[in-house]
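Going down the list, the protein sequences come from chains A and B. For the record, in the first sequence the residue sitting at position 26 is 26 according to the working numbering, with numbers rising by one throughout. For the record, in the second sequence the residue sitting at position 268 is 268 according to the working numbering, with numbers rising by one throughout.
Hints were generated in silico from the structure; no laboratory data involved. Just so you know, not all the hints are guaranteed correct.
As the list claims (entries may be wrong) - Okay, derived cross-link-like pairs now, DSBU-like style, lysine-lysine, Cα gap no bigger than 30 Å in a straight line:
1. LYS16/A to LYS82/A
2. LYS16/A to LYS468/B
3. LYS82/A to LYS469/B
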Amino acid sequence: MDEHIAEYWRKNVRLKVILLTIWGVVSLLLSILLVEQLNQVSLGGFPLGFWMAQQGSIFTFVILIFVYASTMDRYDAELEAKVNGDRASS
Amino acid sequence: MSVEGWTWLFVGITFALYIFIAWRSRVSTTEGFYVAGHGVPTVANGMAVAADWMSAASFISMAGLISFLGFDGAIYLMGWTGGYVLLALLLAPYLRKFGKYTVPDFVGDRYYSESARVVALIAAIFVSFTYVSGQMRGVGIVFSRYLNTSITVGVLVGMAIVFIYAVLGGMKGITWTQVAQYSVLIIAYLIPAWAIASTLTGTPIPQLGFGSVLDRLDGIQTELGFGPYTEPFNNMSMLNVLFVTIALMAGTAGLPHIIVRFYTVKTVRAARWSAGWALFFIALLYTTAPAVAAFARFNLLETTAGQNLEQVRAENDWMGAWEQTGLLAFDDLDGDGIIDYTPDEATNEMTVDPDIMVLANPAIAGLAAPVTGLVAAGGLAAALSTASGLLLVIGSSIGHDLYIRVLGRGETERERLLAGRIAIGFGVLGAGFFGINPPGFVSEVVAFAFGLAAASFFPIIVLGIFSKKTTKEGAIAGMSVGLAFTAIYIIMTASGLMALDPWFFGISAQGIGTVGMILNFIVTWTVSRMTPAPPDEIQHLVDNVRIPEVISAAKAAEALD
């Protein structure tokens, strides 16, 4: 069982790293560090960097949490199936 | 019916609703009192978190602040939402799995140390108390502005309401009133926003429509000598925007009254989903606020700047009431009868308090009197819901962490529950006292509560979950260094005591929590590698919070075989 749990934790951490990278790129990189470059582009009246900082980043945050919750549901179910399988065969 | 009549009506109806809910959800166990019996449904908890989170400042002041800051207002928008990603991914599921009542519970148990528990409980009380006095004052201010009572009367009414539902229902009562309060505040925020978006942009969806005023707004601002509205870093440097945003994010994730809400749901899975719902409900307001800010700024400049003062007063009868409160003031310095609005204090003839932007919104948009009453009820809902969440943290810190865990009292369930009720009762009295007699430092401290939370709780909770080797020596050293550095820097640069220039790379007091947080991470990590590893049972505790409930059960069954 312990190797299944270790694998579950590795996958969990990898998922977090991916999602937090997106989080950092969208909020810190695009909305703050590169905002002046992005503002050269216009999107429906919004300078793009301004839109990312005041709207786009918030939408992204909401999506990131829901993606995390649904992916973890899948990882939970996989782990449970493996553990139950081991117990049934032992 | 007059505006005041409508306001009394809405305030009366909503207060009656809160008391009714409190009566329906009264509790008789400590588990019910502190964590609502771990029985709050996922989406309802999301709403409760949103109400817990969005204070009088979010509801009344934020849009106004953004309208004066332009782009730089993004520090609040991203800072106060981005923290939920950290909370959902790094903290909430594991603290729920840990399954106790408070943040000091986790810190004390994980770091097998009573001193760590005591430090955590002092920090929790300090952060919550400074924050809650501002909320009580917020209740008083809404009462005084809309209902012409004194601020003191408003604070007393607010205290009475919170006292009833917090003492009676504890976390369960607070949760269900927060669900109702979220509904009231979001309706009160969105209706005027929809109406203004429709008249100004032709689309009722503020998030879409506000792009169409930005170009003109940039133009007017430039003409008047303010920088363009959408141009970044007009008010603060890029480095400061970055550091303040990070400090607000990590601080949000470390605030005890938000973290404890995730103890109230049934499972770890529910904790993850309810974090998503919480941010969804918060985002409804937080993506509307920047639109309201731009509309309000545009309306204000169009109506006033360069216009004839007497004519403006005659055409906008709502202005008189706000001039009387002193929140809006004209001073025709050059005597030409024209309102000169400039960034230069020597020639500027109009001063506007940011709070007006939301409070006067319905009147500016020409909406009927009932909407103004609704906005007042919404502001009260925002202040009361946040106050009650904070009071619960104060109550549980004293009634549970101090009285039961540290002092080892409370043998019977009855005694433990009574201790909780009395502690919250005293919390209400204390908060009310500071609401009526606000100490001068409160408004500063509230802003810095985030920096302090970021520099103290956030790193040691994250490392406590993700690094089994983190030791009590590491955590205590890290927390002390982070807190001391941040607090001293704030005192040196932002308080009246020394008023030094921000000497650390020019980072402002608001953003210094980020540096404190980084220091805390480094110190905790390093000291943990130089001190003896935590005992086996602590490492097992960490292993256990990382896996779902069914797997823990299977592991326990395997151990029995």
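Now for the hints, and whether the structure bears them out:
1. LYS16/A to LYS82/A: This hinted pair holds, its Cα atoms lying about 22 Å apart.
2. LYS16/A to LYS468/B: Answer holds: LYS16/A to LYS468/B is near 18 Å, not above 30 Å.
3. LYS82/A to LYS469/B: At roughly 28 Å apart (the allowed maximum being 30 Å), LYS469/B and LYS82/A satisfy the hint.
Going down the numbered hints, you'll see the structure goes against none, and every one checks out.
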